[in-house]
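Trainee: Protein sequence lines correspond, in order, to chains A and B. Here our numbering is used: the first residue of the first sequence is 1, the next is one more, and so on. Here our numbering is used: the first residue of the second sequence is 1, the next is one more, and so on.
Because the hints were derived from the structure by calculation, they are not lab data. It is possible that some hints are incorrect.
[Said to hold, decoys possible] Computed, partial: chain A to chain B, Cβ under 8 angstroms:
1) L195
2) E249
3) Q251
4) W252
5) A256
6) H259
7) Q260
Being a predicted model, the structure only gives us computed values, none of them experimental. Every residue, glycine too, gets a C-beta built ideally from N, C-alpha and C.
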Amino acid sequence: MQDRTIRRVVVFFFVIAAVLVGVAVQAVRNIGQSIASGDWVNHTHSVILETEAVRSALLVGEGALHTYVLTGDARDLGACREALSNVSENLDIAKALTRYEPAQNGQMIQIESLANQRADFFQGVMAARQAGNMETVRAMLSADAGGTAIRDIQRKIDNLKNDELALLTERDTASYLHAQTTRWTVWTGVVLDGLLLAGAVWLIRDDLAARRRANAALQQANDQLEAKVRARTGELGSANARLSTENLERQWANQALEHQLRYNHLIVDSINDLVLVLTKARNISRVNPAVVRLTGREPAELVNQPLSLIVRLAAARQGAEAPLRDPIAQALSDGRDLRDQAAVVEDKRGRQTPVRFSLFPLRDQDKVVGGVVTLQITPPKADATPENEPSG
Amino acid sequence: MKRHILIVDDEANIRDLLSRFLGGAGYWVTAVASPAEALEAARREPPDLIISDLQLEDADGLEMIAKLKEALPDKPVILLTGVLFDQKAVNEVLKAKVTCYLEKTSTLAQILEAVQRLAPTSNV
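Sequences and hints are given; from them, build the entire structure.
Mentor: Printed below as a string of C-alpha cells:
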C-alpha cells in the first residue's frame with residue numbers, strides 16, 4: 001500500500017512538473033511573440049514617422065526655396081539644402097526600415113523617386129538663383145507643377161501610412177491574441193496544477209488515514225495480545241501458586257504421616273508387653289522390642305514365621321482338651337477378639353515363659369487382614385482355662 | 001504491616017514447611033526450636049499469633065505456652081501436635097490453655113483457616 005501511494009504521488013508530481021514546464025515554455029514563447037509584436041508596432045510607428053518626416057522636410061525645403069528665390073539670402077539657401085539633406089536622410093531610414101517588407105519598400109522607392117525629382121528641381125532653381133539668372137528661375141518656377149508633385153508625394157506617403165496603420169492594427173490584434181493565449185495558458189496550467197495538487201493531497205490524506213486505521217488495528221491487536229498474555233500469565237501464576245500450595249500440602253501430609261508413624265512406633269516399641277502383628281495365616285509380620293528381649297530372637301528371625309514358633313496357647317499345649325480347630329485361626333476367621341488366654345512363650349533356647357494371650361483382629365474396610373497379639377508376662381495359673389470373648 | 005506468627009517446633013522440616021506456607025500466605029513468620037528461643041523471640045518482637053508443638057525437646061509445650069501467656073496474655077495460641085487427644089480431653093484440658101487445638105494430620109488449608117481466623121490480614 002505504501003509503495004503504491006508513493007508511486008501515485010510521484011506520478012502526480014511528475015505530471016504537475018510537466019504541466020508547469022509546458023506552461024512556462026508556452027508563456028516564454030508568448031512573451032517572445034509579444035515582444036516581437038511590440039517591435040513590429042515600434043517599427044511601424046518609425047516607418048510612419050520617417051515618411052512624415054520626408055513630407056515635412058519636402059514642405060520645409062519648398063518654403064525655403066521660395067524664400068531664397070525672393071531674398072537670395074544664403075541662410076535661406078542653407079535652410080533649403082538642409083531640408084533636402086533631411087529628405088534624403090529620412091528616405092534612407094524609411095527604406096532601411098521597410099527593406100524586409102517588399103510592398104512598403106516598393107512604395108518607399110516610388111516616394112524616393114518622386115522626392116529625388118523634386119530635389120533635382122530644387123537644386124536647379126537654387127543654382128539658377130545663385131547664378132543670378134532670375135529669368136531662368138522665373139521660367140522654372142512657372143513651368144513647375146509644384147502642387148501636383150507635392151500632392152503625388154503626399155498621396156504616396158498617405159498610402160504607405162495607411163498600409164502601415166493597417167499592419168499596425170493587424171499586429172495589435174496578433175499581440176492581443178498572444179497575450180490572451182498566454183493568459184489562458186497560464187491560468188489553465190495553474191488550474192490543472194491545482195487539481196493535480198488537490199489529487200495528490202487527497203491521495204496522501206487517504207494514505208495517512210489508511211495508515212492510521214492500520215496502526216489502530218495493530219494497536220488493538222497488540223492490546224488484545226497483551227491482555228491475553230497478562231491473562232495467561234495470571235493463569236500460570238495462579239496455577240503455579242496452586243501447584244506450590246499442593247506441593248507444600250503433599251510435603252506436609254507426608255511429614256505428618258511420617259511423624260504419626262514414628263510416634264506410633266515409638267508407643268508400640270515402648271510397651272513392656274509383647275506385641276506381635278500377624279497375617280491372616282498367623283505368620284508374624286512385626287514384633288516390638290519386648291518380644292526380642294524375651295525370645296532372644298531378632299526380628300529378622302521372627303518375621304514371616306508362624307506364631308506357633310514362639311507362642312502356644314495353654315489349651316493347645318495341654319492337647320487333651322484342645323479344640324478341633326486352632327482358636328487363633330478361628331478367632332481371625334470369625335473376626336472376633338480372643339482375650340486373656342493362658343499361653344507360653346518359648347525363647348531361642350527352649351525356655352518357656354507363661355503369659356496372658358490376647359488377640360485383636362486387624363480390620364481394613366470391614367475385612368479382617370490379620371491380627372495383633374499382645375502377651376502379658378504373668379506367672380501361669382494352675383487352673384487357668386481358656387476364655388473366649390465375642391468381639392461385640 | 002504483616003502479622004507476625006511465632007512457630008515453636010523441635011522438628012526442622014515442620015518449621016520449614018509452616019514458615020514457607022504461612023510466609024507465602026502473607027504472614028511474617030519466626031520459627032524457633034526451643035522454648036528458650038521462643039521466649040526470646042517473643043520478647044524481641046511480640047507475635048500476633050503463636051503456633052506451638054506439645055512435645056518439645058527440653059520442655060513441655062503447654063508450660064512454655066503458659067510462660068508466653070504471662071507476657072502476652074491476649075495473644076491467641078494454636079497447639080499443633082501429633083499427640084492425638086480425644087475430644088473430651090481437648091474440651092476439658094486444652095481449651096483453658098490454648099485458643100485452638102490442631103492435630104498435625106490437619107491439612108495446611110485447615111491450619112491456614114485457623115490462622116486467618118485468629119490473626120486476619122488483608123494480604124491473605
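Trainee: Against each hint, give a clear statement of whether it holds in the structure.
Mentor: Each hint, compared with the structure:
1. L195: Violated, because the Cβ-Cβ distance from L195 of chain A to chain B comes to roughly 70 angstroms (cut-off 8 angstroms).
2. E249: It holds, given that the least Cβ distance between E249 of chain A and chain B is near 5 angstroms, below 8 angstroms.
3. Q251: holds, 6 angstroms
4. W252: holds, 5 angstroms
5. A256: Holds. Min distance 5 angstroms.
6. H259: Since the shortest Cβ distance to chain B is 5 angstroms, the answer is holds.
7. Q260: holds, 6 angstroms
The structure shown violates just one earlier hint, number 1.
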